[in-house]
Each structure stands twice: as structure tokens, then as C-alpha cells.
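Undergrad: Numbers 1 to 90, taken from my numbering, label the letters of the sequence shown in order.
Careful: at least some of the hints might be erroneous.
The calculated label-pair distances, taken between Cβ atoms and stated as ranges, are [as the list claims (entries may be wrong)]:
1. Pro-6 - Lys-50: 16 to 24 Å
2. Phe-90 - Leu-9: 33 to 41 Å
3. Glu-77 - Leu-2: 23 to 31 Å
4. Phe-90 - Ile-1: 36 to 44 Å
5. Ile-85 - Leu-29: 13 to 21 Å
6. Phe-11 - Ile-85: 28 to 36 Å
7. Gly-30 - Val-81: 23 to 31 Å
8. Leu-12 - Ile-68: 16 to 24 Å
I should point out that these hints are in silico values taken from the structure, not numbers from a laboratory. Predicted model only: the values in this text are computed from it and were never measured. Cβ atoms here follow ideal geometry from the backbone N, Cα and C, with glycine treated the same way.
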Amino acid sequence: ILRSAPIFLEFLDKGVNKGVGLSLIAQHLGIRQEEIIAVGDAGNDIAMIKYAGLGVAMGNATDDVKEIADYITLTNEEDGVAHLIEKFMF
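With these hints in hand, go ahead and build the complete structure from the sequences.
TA: See the structure below:
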């Protein structure tokens with residue numbers, strides 16, 4: 001059970017999260033963990049951000065997400081994902 005936003009309470013199986021999903025997709029596609037960038041803003045993104053080679057929190061992310069991220073980008077209203085792509089991919 002986790003709260004991904006003030007109005008969202010999620011009930012998931014203990015072995016199900018975005019990190020597990022991302023790892024399964026990466027294995028299927030032959031993508032190495034260190035090649036993955038994952039971006040999130042809420043508690044349900046933590047496992048995914050921890051799994052990625054570069055885990056990124058949005059500037060408007062919750063504090064628990066920011067604490068585990070490798071990098072904090074701009075907010076969603078400031079085009080944080082575009083900023084991230086320009087910084088790390090080009």
C-alpha cells in the first residue's frame with residue numbers, strides 16, 4: 001500500500017512495482033541497467049528510479065523521491081523532462 005499522490009492510495013502485490021516492470025522490459029530488449037534513465041515524481045516511482053542507471057526526480061516531486069534520485073530536474077511546468085534530455089542525451 002502506498003500513497004503516490006495526496007489523493008491516490010495504491011494497493012499492489014509486494015512484488016509488483018515500476019522498478020520490476022522496467023527491469024523485465026530492459027531484459028527483454030537487451031538494455032543494460034546503466035543505459036536506463038527513469039524519471040518520476042511520486043512514491044510509486046521510487047523503485048523505478050532506484051533501478052535505473054540514472055534515476056531522476058522532477059523538480060515538483062515529493063521529498064522522498066528527491067532524496068533517492070541521482071539528479072533533480074526542473075518541474076513539469078518548467079519542461080523538466082526536456083531539460084533532462086538536453087542535458088544528458090545531446
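Undergrad: Next step is simple, just say for each hint if it's right about the structure.
TA: Okay, the hints, checked on the actual structure:
no. : hint                        : verdict
1   : Pro-6 - Lys-50: 16 to 24 Å  : holds (23 Å)
2   : Phe-90 - Leu-9: 33 to 41 Å  : holds (39 Å)
3   : Glu-77 - Leu-2: 23 to 31 Å  : holds (25 Å)
4   : Phe-90 - Ile-1: 36 to 44 Å  : holds (40 Å)
5   : Ile-85 - Leu-29: 13 to 21 Å : holds (19 Å)
6   : Phe-11 - Ile-85: 28 to 36 Å : holds (33 Å)
7   : Gly-30 - Val-81: 23 to 31 Å : holds (24 Å)
8   : Leu-12 - Ile-68: 16 to 24 Å : holds (18 Å)
The earlier numbered hints are all upheld by this structure, with none contradicted.
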